[in-house]
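*Asks:* Sequence:
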Amino acid sequence: MTTDRSLDRIDRKILRELQGEGRLSNAALALRVSLSQSACLSRVRRLEEAGVIQSYHARLNPFHIEVGLVLIVEVTLAGRHPEERMRFEEAMLRLPQVVEASHVSGDTDYILKVVVGAMPEWNALKDLMVQEVGATRIITHVIMDTPKAFKGYPIGGS
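The working numbering numbers the first residue of the sequence shown as 792 and each following residue consecutively.
Check each hint, because a few of them may be wrong.
Derived DSS-like pairs: lysine-lysine, alpha-carbon spacing no greater than 25 Å straight-line [what the hints assert, rightly or not]: (1) Lys-904 x Lys-939; (2) Lys-904 x Lys-804; (3) Lys-904 x Lys-917; (4) Lys-942 x Lys-804; (5) Lys-942 x Lys-904.
What follows is a list of derived Cβ distance ranges for each label pair [what the hints assert, rightly or not]: (6) Ser-829 x Val-895: 39 to 47 Å; (7) Ser-827 x Arg-878: 48 to 56 Å; (8) Asp-918 x Leu-884: 14 to 22 Å; (9) Leu-851 x Arg-878: 29 to 37 Å.
Hints were generated in silico from the structure; no laboratory data involved. Values in this document were obtained by computation on a predicted structure and should not be read as measured data. Using N, Cα and C, we set each Cβ at its ideal position, and we do this for glycine too.
Generate coordinates for the entire structure from the input sequences, incorporating the hints supplied.
*Replies:* Written out as structure tokens, the structure is:
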């Protein structure tokens, strides 16, 4: 159930509906996907247990809650050894300013989404990444605006 191929048409409908409206009641969801409430709840629980549905949360607009600067950061490590990656990833988990981290292919090792109050806070965090975690190259992009925010993954199938 962890691969895209194992999701049937009804599972996909459930995922589309919940991605669009995570606070949807089970009764409303069941009606939208043409299932009984018990069958719908059973499917949702199965999707949760399989890790397809990871969590439910409110998506906040960082520009409306005055978080400061939102940065996209490209990080390259000194080497590509598993121990080095593990040390970096453990450090990122401890930093609340790093709100998302993705290990990527190519010349860059990680893409981070970072939120800081102001540039001095970012400079201190960047120094920590270089001195304590082994980053050799850090490229920073300040998000100026978000013309299209993430609203969910496309879910294929009918």
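*Asks:* Please test the hint of 14 to 22 Å on the beta carbon pair from Asp-918 and Leu-884.
*Replies:* Check passed, 19 Å falls within 14 to 22 Å.
*Asks:* If you check the beta carbons of Ser-829 and Val-895, does the distance land in 39 to 47 Å?
*Replies:* 42 Å, holds
*Asks:* Taking only the CA atoms, is the gap from Lys-904 to Lys-917 under or equal to 25 Å?
*Replies:* 13 Å, holds
*Asks:* Confirm or reject the claim that Ser-827 and Arg-878 have a C-beta distance inside 48 to 56 Å.
*Replies:* Cβ of Ser-827 to Cβ of Arg-878: about 50 Å, so the range 48 to 56 Å holds.
*Asks:* Does the alpha-carbon distance linking Lys-904 and Lys-939 stay inside the 25 Å limit?
*Replies:* 16 Å, holds
*Asks:* Need the status of pair Lys-942, Lys-804: alpha-carbon distance at most 25 Å?
*Replies:* 16 Å, holds
*Asks:* Is the hinted range of 29 to 37 Å satisfied by the C-beta distance from Leu-851 to Arg-878?
*Replies:* About 30 Å separates the Cβ atoms of Leu-851 and Arg-878, which means 29 to 37 Å holds.
*Asks:* Is the hinted pair Lys-942 and Lys-904 satisfied, with a Cα-Cα distance of at most 25 Å?
*Replies:* 16 Å, holds
*Asks:* Would the pair Lys-904 and Lys-804 pass a check requiring their Cα atoms to be no farther apart than 25 Å?
*Replies:* Not OK: Lys-904 and Lys-804 at ~30 Å, beyond 25 Å, violated.
The earlier numbered hint that this structure contradicts is number 2, and it is the only one.
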